[in-house]
Every structure is written in C-alpha cells, then in structure tokens.
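First to last, the protein sequences are chains V and W. Sequential numbering of the first sequence, starting at 1, is according to the UniProt record's numbering. Sequential numbering of the second sequence, starting at 1, is according to the UniProt record's numbering.
To be clear, the hints were calculated from the coordinates, so they are not data collected in a lab. From a predicted model like this one, the values you see are computed outputs, not experimental measurements. Among the clues, some could well be false.
To be verified - Dumping the calculated EDC-like pairs for lysine to aspartate or glutamate here, alpha-carbon to alpha-carbon at most 20 Å:
1. V/K317 x V/E151
2. V/K273 x W/E154
3. V/K255 x W/E297
4. V/K250 x W/D39
5. V/K188 x W/E154
6. V/K187 x W/E297
7. V/K163 x V/E192
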Amino acid sequence: MKTLLGSRKISRQGLARRMLGIGTAVLLGSLAAGCDSGDKKGLTVGFSQIGSESGWRAAETKLARQGAEQRGITLKFSDAQQRQENQIKAVRSFIAQGVDAILLAPVVSSGWDEVLGEAKAANIPVILLDRQIDTPNVDLYLTAVTSDTIEEGRVAGRWLAGKVQGRDCRIVEIQGTVGASLVANRKKGFEEAIATAPNLHLVRTQSGEFTRAKGKEVMEGFLKAEAPGSICAVYSHNDDMMIGAIQAIKEAGLKPGTDILTVSIDGVPDIFKAMADGDANATVELAPDMAPRAYDILLAYRKDHAPPPKWVQTPSKLYEPDTAAAEYARRKDLY
Amino acid sequence: MNAVIQRLKAARPQLALLVLALLVNVFVAPGFLDLRLQDGRLFGGLIDILNRGAPVMLLAVGMAPVIATRGIDLSVGVIMAISGAVAAAGVNAGLAWPAAILAALGTGLACGLWNGLLVAVFRLQPIVATLILMVAGRGIAQLITEGRILTFTEPHLIAVAGATLAALPLPVVLALAAAGLTGLLVRATALGLFVEAVGTNPRSSRLAGVHTGLVLGAVYVWSGLMAALAGLIATADIKGADANNAGLWLELDAILAVVIGGTSLYGGRFSIGRSVLGALVLQAMRTAILRAGLPPELNLVLMALVVAAVLTQQSPAFRPMATRLMARLKNKEARA
Numbered sequence: 001m002k003t004l005l006g007s008r009k010i011s012r013q014g015l016a017r018r019m020l021g022i023g024t025a026v027l028l029g030s031l032a033a034g035c036d037s038g039d040k041k042g043l044t045v046g047f048s049q050i051g052s053e054s055g056w057r058a059a060e061t062k063l064a065r066q067g068a069e070q071r072g073i074t075l076k077f078s079d080a081q082q083r084q085e086n087q088i089k090a091v092r093s094f095i096a097q098g099v100d101a102i103l104l105a106p107v108v109s110s111g112w113d114e115v116l117g118e119a120k121a122a123n124i125p126v127i128l129l130d131r132q133i134d135t136p137n138v139d140l141y142l143t144a145v146t147s148d149t150i151e152e153g154r155v156a157g158r159w160l161a162g163k164v165q166g167r168d169c170r171i172v173e174i175q176g177t178v179g180a181s182l183v184a185n186r187k188k189g190f191e192e193a194i195a196t197a198p199n200l201h202l203v204r205t206q207s208g209e210f211t212r213a214k215g216k217e218v219m220e221g222f223l224k225a226e227a228p229g230s231i232c233a234v235y236s237h238n239d240d241m242m243i244g245a246i247q248a249i250k251e252a253g254l255k256p257g258t259d260i261l262t263v264s265i266d267g268v269p270d271i272f273k274a275m276a277d278g279d280a281n282a283t284v285e286l287a288p289d290m291a292p293r294a295y296d297i298l299l300a301y302r303k304d305h306a307p308p309p310k311w312v313q314t315p316s317k318l319y320e321p322d323t324a325a326a327e328y329a330r331r332k333d334l335y
Numbered sequence: 001m002n003a004v005i006q007r008l009k010a011a012r013p014q015l016a017l018l019v020l021a022l023l024v025n026v027f028v029a030p031g032f033l034d035l036r037l038q039d040g041r042l043f044g045g046l047i048d049i050l051n052r053g054a055p056v057m058l059l060a061v062g063m064a065p066v067i068a069t070r071g072i073d074l075s076v077g078v079i080m081a082i083s084g085a086v087a088a089a090g091v092n093a094g095l096a097w098p099a100a101i102l103a104a105l106g107t108g109l110a111c112g113l114w115n116g117l118l119v120a121v122f123r124l125q126p127i128v129a130t131l132i133l134m135v136a137g138r139g140i141a142q143l144i145t146e147g148r149i150l151t152f153t154e155p156h157l158i159a160v161a162g163a164t165l166a167a168l169p170l171p172v173v174l175a176l177a178a179a180g181l182t183g184l185l186v187r188a189t190a191l192g193l194f195v196e197a198v199g200t201n202p203r204s205s206r207l208a209g210v211h212t213g214l215v216l217g218a219v220y221v222w223s224g225l226m227a228a229l230a231g232l233i234a235t236a237d238i239k240g241a242d243a244n245n246a247g248l249w250l251e252l253d254a255i256l257a258v259v260i261g262g263t264s265l266y267g268g269r270f271s272i273g274r275s276v277l278g279a280l281v282l283q284a285m286r287t288a289i290l291r292a293g294l295p296p297e298l299n300l301v302l303m304a305l306v307v308a309a310v311l312t313q314q315s316p317a318f319r320p321m322a323t324r325l326m327a328r329l330k331n332k333e334a335r336a
C-alpha cells in the first residue's frame, strides 16, 4: 500500500483530503488507476465538457476521445449539461480520483477560483479549453487553449478584401447573439481588417442569434432593405446563420457565392457542402481539436517542466471551395 | 353581415395597432406596401409579414382557447422542435413524406394529450404541467436529431414552407385556414361558450352540465396540433430540424399575441381573429426593427417598449387615469 502511494508521488495534503473526503471504494479505485498511470506512458486525464449543445461541441468531445486513445491516455469524461455546479463537482471528483491533469471547458467565465485552488493544492495541472476564465490569479491554471476570436474576424475580413480587390463592395453582417464576447470580437476583428480598404463598406448589421432560421430572416430583411443587386458580400459570425442566409439569397432569385460573396466562421460540415455546391465562398475554421493540442502541451510539460505560455491560440484557418468536397468528407462523421 | 361588422368593431384596437405597425414599416422602407405578382405568387412587404408570422399565428390560434380556460401552454415552442425533428428524421429514414408529416402532427397531438391529461385529469396547474414538457422536450428533440441539425432534401416536406397556393405562400394559407377552422369550431358551435364558461367558473359550468375535463383536455390537444403544424413550417423553412433553436421562446410570443388580442390571462372571453391580429402586430414590429438598420442591441429594448405601451393602453385601470389626465390638461388650457 505504501509503496503504491509512494510511486504516485501524492502530496500529503492531497492524501489527507482524500482519506477524509471519500469512501474506501473510491480510494481503492483511484489507487488502482494510479497503479496504471504510474509508468510514464499512461496518463489519466479528466475532461469536464460543457455539454453537447452544438455539432461543434460534439466534434470537440469526439476528438478528445480519439486523441486520448492515440496517445495512450486514459480519459475520464464528464458532461456538465450547461451547468457550472456540475463542472465544479466533476473537477472535485477528478481531484479525488487523483487524475494527472484536468481539462476544463468552462461554461461561464467566473466562479472558478475555489475549485481550481483545490486542484492546485493537489498539484493537478488544469488546462482550459476553448474559453477563458476571469480570475485575478492566473496561476490557477497551466494554460488556456482557445481560438483567437478577434483574429477569426480579421481572417474573414482580409479574405474579402483580397477577393474583391479594388472593387466597391457593400457588405452586410449577420451577428451572433447580442452581448456575447465572441460576437463583439468577431465583429471587431472583421471591422479592423476592412478598415484598411476604403472600397469596403459595412452597410448593415443585425443579429441572427446564431441560428439558421434567424439568419435567413435577417438576410431576407437585408435583401429587401437594400437596393436590388447592391449587396456585394455577406459576413456571418457563424456558418449556421450563413446557411440560412444562403437560402434567403436563393429564394430572392440570386446566386449565393457568385452574385453575393459569403464568408463565415466555424467550419461545420454543412458549409463545406455549400461550398462544394458553389453556394458559399469561404469559412474560417474554429478548430475542434482543442483537447489533442492540450494533451501535447501536457506531455511536453511533464517531460521538461517548462511552463507553456498562458494562452495557446489555435490556428484560424480559412477554407475555400477548392478543398471543400474533401473537407466535407473528412468532417461529416465527426460532427 | 352584421356579425362581421360587430367583430371588426370589437377588433378596432388591434386593427389600429396593426395599421400603426405597418405605417412604421412604410416609414422605414418606402415601397413596403407594393405588391407584385410574379410566377403566380404575390410578393411584397405584407406577404413577408404574413409568411414570417405564420408560425406564431398558428401558436396563437392554439393558445387563445387554452388561455380562455384560465390555462397556459408553455410547451408549444418545444412541441415545434419535436415535431420538426420527427418529420426530418422520418424522411431521412426513408418514410414517405405524407407519413412523415402525419407522424409529426401525431407527435403534436400526443404532446397535447400529455398536457391535457396532466391538467384535466391530474389537476396540475397548467403553468407547471406544461413546464414539464417545456423543460424536457428539447432533450427529446435532441435525442431524435442526435444533437445535430438534421437537414433533408425531400421536396414535398420543403414545400410546406416553400410552395404557393392561391398566389400566397403555403404557410400563410395554412395559418389562415387553421384560424378559420378554429374560429368556426368555437363560434359556429357551443364549443367556444363551453371554453369561456370553464375559464370563467369551472365549478358552476360543471354543475350546469359542461364536461369540463373534456373541454380542458381538448384545448391542449388542439394547441399541440397547431404547434406541430408551426414546427413543420419552421423546419421546412430552413430545410432542417434544429432541435436547439426551433420555436425557441415562441411560446412567449404566442401568449403575447393572445394578450394583445384582448384575452385576459384570467380566462373567459377570447377571440381567435384578434389573437391572429396580435401575432401579426408582433411580426410587423419585428420586421420594421429588422429593416430599420438600427443597431441590433436595440431590438429587444424597442420590442419591450412597444409591448409595454400597447398593454398599458389596453389595461382597464389605465383608461380612467388617461381620461382624468386629459380632463385636467383641458381645464388648465381653459383657465389659461
């Protein structure tokens, strides 16, 4: 028993917490797990996921499982169903089980200090996935693996500027749900990128609440409100709203992708399908492989003990129709 | 004829509101009232409002009798999501389109029956009884769609939102037909009277021989059916079942439409026609806001202000206050 514990290098504090807090069964269970992960190859990682509210989220979970398998990591997965208290419980249970690291996709940005403090006291590194948290103490987590949402907007804007060259272009924007920081950032980045091109004008912006139905309704409104044929491009904060907008453009008797250029963000399978069909022009991918990136950071950190940067940005890659068919085939089963 | 004039007179406030909302649209987008016929279908701002407003019109048609029984149906938005998911999953699994549509409508009936059972037989308070489905239903819809947006290419199912009948978009025809049929059911028979009696005083109406349980159950079943039809339209519109977002918060729009239509949440008198007008007022305002080119942050604020003004103006306590205020102002003027 003692040698087993010794080989796990558990801090005294952590051990005491465990002895007090949990029943023998859990203790024995965690010791058994500890036995497996005693050798360097087999890490045990806990992942507290927000839920499965979107296709993107489901893909992130799937890639987390696949990535863990490929690296010989034992993944303990917990779905919080959009509730912070479930995530806090999950993190506490991961600590009690003595995992080697915790991945956390935080559902909200505040209220994590206490539970992350507990993880720190137990010497378990925490990596944030796809969202940041508000805390005065950034030592509470090892790093955050997220996309740069301002950069996503910039990539979309730069692509459009390059696509229309010097031509005058009246752009309409379909925003996500008002009030989300993501929305403010994707708007800001896009506006930054087109500010340098005097021929690009953002003429209308309205919220499509991230859904296909509202995206379609908003685009119908834009098409009616602007003079016929005067809209040159649509920028949408996500692909789903763009798919709705594409339908509205078609129903107005225009050809999306030709009469009106489209650029949106996320990279969900259906937008690749639309691009392959010639109905859309570009999408900026929000890479769903956040967990595998976190595993690699973790493995490197355990090897050379050099702390990674506090923010690891995933690339915001732009895809165009030339690769769309292949990308669709690659993704359709992932989402 | 007299009856029609009577009805129109009763609907004066709602009609005035609708005209006002349409005027705002004309102000925002000149040429809004233009109608043109192209390929056998009418196009124009008015048609857009009818077309976009069709789902909430349907929900309001189902909601009005429910509210008249002193009840409420919070689950209609979710029923839209479930029935849409059933239709999409059906055609994708190889079901023929009529079968898929029937399955979707049947799902709506079943959901309504569940609500009706809880309210009429188990005597749960309607707000709680329908809250159960409202909370659990999105999960059911997500199970059916496996958490993704289930797209389909079945042309007949898509036609539910895209086809044209009598120069009008099919959703408009469906909504108006449903409103007409419901109006006929409740006003050409004693059904409407029973509904109002149950809402006004359930005990005395039972003693008078009205089968209150049956009436209560029936209004929820009807509401479920209307919601399923609205769900079919919403799903066909985007050629996909979006379990997370289809019908989201539309139950509140439907309740608001019925209230703008002059039905009290304490039950009693109701009007299908005025509820439909209420739904159109909401849609006309929404269309105006969308086309005005204002910052989207203002959408909800504007909507709230308008609704507050409309409802205050309808409140029985407000009119005497307003009259007194007017009289005082007039007095001051006279004195000056």
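Structure-based check of all given hints:
{"no.": "1", "hint": "V/K317 x V/E151", "result": "holds, 10 Å"}
{"no.": "2", "hint": "V/K273 x W/E154", "result": "holds, 17 Å"}
{"no.": "3", "hint": "V/K255 x W/E297", "result": "violated, 30 Å"}
{"no.": "4", "hint": "V/K250 x W/D39", "result": "holds, 15 Å"}
{"no.": "5", "hint": "V/K188 x W/E154", "result": "violated, 40 Å"}
{"no.": "6", "hint": "V/K187 x W/E297", "result": "holds, 13 Å"}
{"no.": "7", "hint": "V/K163 x V/E192", "result": "holds, 17 Å"}
Hints 3 and 5 from the earlier list are contradicted by this structure; the remaining hints agree with it.
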